[in-house]
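Visitor: Protein sequences appear in the order of chains C and P.
Residue numbers for the first sequence follow the numbering used here, beginning at 1 and rising by one.
Residue numbers for the second sequence follow the numbering used here, beginning at 1 and rising by one.
It is worth saying that the hints were derived from the structure and are not from the lab.
Keep in mind that the hints are not guaranteed to be accurate.
Identical copies look the same in the list; a pair holds intra-copy or inter-copy alike.
[To be verified] Calculated pairs, DSBU-like style, for lysine-lysine (alpha carbon to alpha carbon, straight line, at most 35 Å):
#1 Lys12 x Lys174
#2 Lys74 x Lys330
#3 Lys98 x Lys350
#4 Lys280 x Lys350
#5 Lys25 x Lys174
#6 Lys328 x Lys25
#7 Lys96 x Lys174
#8 Lys98 x Lys155
#9 Lys12 x Lys330
#10 Lys350 x Lys174
#11 Lys25 x Lys96
#12 Lys280 x Lys174
#13 Lys155 x Lys96
#14 Lys2 x Lys328
2 protein chains.
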Amino acid sequence: MKITTPTLLLDKAKCQRNISRMVEKAARNRVRLRPHFKTHQSAQVGEWFREQGVDAITVSSLRMALYFASHGWKDILVAIPVNLLEIDTINQLAGKVKLHLVVVNMEALEVLERQLVHPVYMWVKIDTGYRRTGMLPHNHVGLDPMMQLLFESGKFLFEGFLAHDGHTYQQTEKEAVRAIHNTSVYLLHLLRNRYSSLFPDILLSIGDTPSCSMLENLAGVDEIRPGNFVFYDLTQERIGSCSFDEIAVCLACPVIARHPEHNELILYGGSVHFSKDFLKLEDSSLLFGRVVELTADGWTSPPADDMQVVSLSQEHGVVRASDQQFEKYKVGDLLCVLPIHSCLTADLMKRYRTLEGEWLEHLSGVPF
Amino acid sequence: MKITTPTLLLDKAKCQRNISRMVEKAARNRVRLRPHFKTHQSAQVGEWFREQGVDAITVSSLRMALYFASHGWKDILVAIPVNLLEIDTINQLAGKVKLHLVVVNMEALEVLERQLVHPVYMWVKIDTGYRRTGMLPHNHVGLDPMMQLLFESGKFLFEGFLAHDGHTYQQTEKEAVRAIHNTSVYLLHLLRNRYSSLFPDILLSIGDTPSCSMLENLAGVDEIRPGNFVFYDLTQERIGSCSFDEIAVCLACPVIARHPEHNELILYGGSVHFSKDFLKLEDSSLLFGRVVELTADGWTSPPADDMQVVSLSQEHGVVRASDQQFEKYKVGDLLCVLPIHSCLTADLMKRYRTLEGEWLEHLSGVPF
Chain C
1 MKITTPTLLL DKAKCQRNIS RMVEKAARNR VRLRPHFKTH QSAQVGEWFR EQGVDAITVS
61 SLRMALYFAS HGWKDILVAI PVNLLEIDTI NQLAGKVKLH LVVVNMEALE VLERQLVHPV
121 YMWVKIDTGY RRTGMLPHNH VGLDPMMQLL FESGKFLFEG FLAHDGHTYQ QTEKEAVRAI
181 HNTSVYLLHL LRNRYSSLFP DILLSIGDTP SCSMLENLAG VDEIRPGNFV FYDLTQERIG
241 SCSFDEIAVC LACPVIARHP EHNELILYGG SVHFSKDFLK LEDSSLLFGR VVELTADGWT
301 SPPADDMQVV SLSQEHGVVR ASDQQFEKYK VGDLLCVLPI HSCLTADLMK RYRTLEGEWL
361 EHLSGVPF
Chain P
1 MKITTPTLLL DKAKCQRNIS RMVEKAARNR VRLRPHFKTH QSAQVGEWFR EQGVDAITVS
61 SLRMALYFAS HGWKDILVAI PVNLLEIDTI NQLAGKVKLH LVVVNMEALE VLERQLVHPV
121 YMWVKIDTGY RRTGMLPHNH VGLDPMMQLL FESGKFLFEG FLAHDGHTYQ QTEKEAVRAI
181 HNTSVYLLHL LRNRYSSLFP DILLSIGDTP SCSMLENLAG VDEIRPGNFV FYDLTQERIG
241 SCSFDEIAVC LACPVIARHP EHNELILYGG SVHFSKDFLK LEDSSLLFGR VVELTADGWT
301 SPPADDMQVV SLSQEHGVVR ASDQQFEKYK VGDLLCVLPI HSCLTADLMK RYRTLEGEWL
361 EHLSGVPF
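Kindly generate the complete structure, drawing on both the sequences and the hints.
Guide: Below, the structure written as structure tokens:
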């Protein structure tokens with residue numbers, strides 16, 4: 001089957017190795033791996049996790065929860081502050097699976113207390129430093145009444161405290177990632193101690209791919225929820241979470257023009273394929289992707305040093321290349337690009353093509 | 001019908017006024033309006049153009065051409081350098097509609113000359129200053145043989161020269177946009193003169209929304225191809241192409257958390273809904289959207305000055321608000337955001353909900 005339009009290639013062997021590595025690390029640390037499925041959003045990729053013994057998952061929307069529930073997943077955490085407007089979907093799902101919800105304030109808890117039909121597993125999200133959302137760990141005035149309501153109400157099955165250290169994405173040193181992780185674990189332990197008389201078995205859950213990939217010791221928590229590691233991408237490579245050859249997806253794009261006057265190749269492949277995410281390079285220029293070459297059984301690694309995607313518009317990408325690289329490509333060839341952010345690229349591409357030529361589903365390609 | 005998840009609202013009356021205004025401007029200038037449908041990608045929105053007399057359109061992919069052909073459009077320009085890998089689709093389409101293709105080099109022309117089954121309308125793309133793609137207008141050494149082949153081959157119906165002044169997107173002054181437009185027109189006229197002995201009826205086509213919106217006099221060309229004007233967005237407002245109250249789409253997002261400690265509201269609505277596009281403000285901070293309030297018949301305009309979307313992750317948006325604005329919203333409310341780039345937001349949202357509650361299709365929500 002010939003590739004004729006921008007196509008997201010998935011190297012199944014690399015992807016399965018990424019999964020095994022995380023499954024083994026979780027086992028060594030005796031923590032539960034509850035992988036975040038928002039990166040792949042694919043029933044078939046989900047099966048590769050199931051084959052390795054994973055039975056609990058994380059998602060980022062109720063639609064995603066419904067999708068994976070329909071594919072046989074029975075233990076699903078929706079890791080975003082609960083959307084009260086979707087109470088009907090929550091009640092529908094909670095009757096079918098072990099549904100876990102996240103709260104970050106008393107208001108939401110009070111509404112859930114009135115509106116839940118089935119008991120639901122509950123996590124309180126703690127802001128351990130990312131400063132996006134969550135209860136601040138020292139905010140006992142806010143937390144105490146929430147914990148009391150979680151304890152008293154028959155609607156809630158309190159599981160524990162959950163954090164997402166999104167600020168690891170700003171790091172490029174393992175020691176910085178370790179410091180963030182250790183701070184999180186310390187803050188979560190303080191909370192566990194504070195509320196252990198109400199709840200003797202509080203679980204602690206953390207989730208970012210950099211911590212889970214870069215640190216060997218994750219034993220301070222009970223559960224890890226990394227997602228991006230299933231594919232990795234250039235953002236993770238820069239942080240230090242993966243090597244180039246662990247990146248399991250790349251976008252094959254037709255070359256539609258050559259501009260020898262400025263050594264630029266024009267790709268059919270733009271922001272509706274890659275997303276607009278970028279990395280800022282040391283000279284302040286922006287990087288939108290790096291180029292690899294297709295081989296008989298995958299693609300080359302590392303990517304070329306002397307050519308890269310330097311800009312994207314809606315359907316066009318611009319690759320600037322050295323003379324030598326420029327001469328390799330002609331109009332009508334395919335050029336393969338490692339993405340900056342695989343979650344967003346997969347969401348836009350809506351399906352995957354394995355190296356064996358099989359098409360795999362992505363939820364964003366499933367009709368409403 | 002209650003809105004419970006991020007939903008792209010479309011104000012049909014504003015959208016239809018945007019269409020009428022451009023239709024009237026094209027008529028006053030005696031130029032053909034060949035609107036770019038990549039912004040809306042919707043069969044139903046397309047009908048609103050047809051009702052106003054539009055019968056020729058622009059698209060940015062062959063899939064989009066097939067989609068609109070299946071909805072009765074008969075005169076379709078694919079405004080991206082031709083993707084030779086899709087020759088089968090080209091031949092299929094060219095047998096059914098007046099198909100227009102764009103070339104930027106001799107290589108593509110030679111391949112088309114061999115592989116086309118039906119004659120195709122051809123445009124040579126000229127790079128009049130944007131420096132993305134196209135033949136440089138002074139590159140006679142490159143252009144002469146292309147024009148000769150276009151003339152000699154029975155496969156081609158040469159239409160003319162086409163430019164896209166994407167560099168108007170970097171401007172915020174009408175005079176700067178006018179200078180770009182006048183330069184383009186001048187360069188295109190030189191080319192028309194140069195090749196008028198081969199082709200006495202060369203057409204000139206330009207296409208960016210800023211030029212077409214901000215300038216009254218467009219009579220120097222034969223055809224205009226703006227797209228974004230159908231909805232507009234904050235990017236266009238900043239350039240000066242539209243006023244806030246001409247923006248015809250906004251994204252309604254549930255409020256899922258409130259953080260009084262930093263006056264931030266958390267939205268269910270992130271980069272998989274908005275895209276990662278942003279505007280850089282004068283203080284170098286990034287803007288990901290501006291907030292309006294729903295009213296009985298639409299939304300308020302202008303947007304609030306004292307609250308804005310300041311960051312996006314995959315499913316979360318962060319709105320920073322003044323005390324007064326912050327107090328207006330509670331968890332479970334909807335908050336409405338004008339998008340930075342309506343083309344990308346619509347592509348991600350995959351459908352529209354009109355203010356009357358009707359769902360309209362977007363090609364990205366149509367199964368493969």
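Visitor: Against this structure, judge whether each hint is valid.
Guide: Outcome of the hint check:
{"no.": "1", "hint": "Lys12 x Lys174", "result": "within (28 Å within a copy, 52 Å between copies)"}
{"no.": "2", "hint": "Lys74 x Lys330", "result": "between (50 Å within a copy, 32 Å between copies)"}
{"no.": "3", "hint": "Lys98 x Lys350", "result": "both (28 Å within a copy, 30 Å between copies)"}
{"no.": "4", "hint": "Lys280 x Lys350", "result": "both (27 Å within a copy, 30 Å between copies)"}
{"no.": "5", "hint": "Lys25 x Lys174", "result": "within (17 Å within a copy, 59 Å between copies)"}
{"no.": "6", "hint": "Lys328 x Lys25", "result": "neither (41 Å within a copy, 46 Å between copies)"}
{"no.": "7", "hint": "Lys96 x Lys174", "result": "neither (41 Å within a copy, 59 Å between copies)"}
{"no.": "8", "hint": "Lys98 x Lys155", "result": "within (13 Å within a copy, 63 Å between copies)"}
{"no.": "9", "hint": "Lys12 x Lys330", "result": "within (29 Å within a copy, 44 Å between copies)"}
{"no.": "10", "hint": "Lys350 x Lys174", "result": "within (33 Å within a copy, 39 Å between copies)"}
{"no.": "11", "hint": "Lys25 x Lys96", "result": "within (30 Å within a copy, 57 Å between copies)"}
{"no.": "12", "hint": "Lys280 x Lys174", "result": "both (20 Å within a copy, 31 Å between copies)"}
{"no.": "13", "hint": "Lys155 x Lys96", "result": "within (16 Å within a copy, 61 Å between copies)"}
{"no.": "14", "hint": "Lys2 x Lys328", "result": "within (20 Å within a copy, 55 Å between copies)"}
The structure shown violates the earlier hints numbered 6 and 7.
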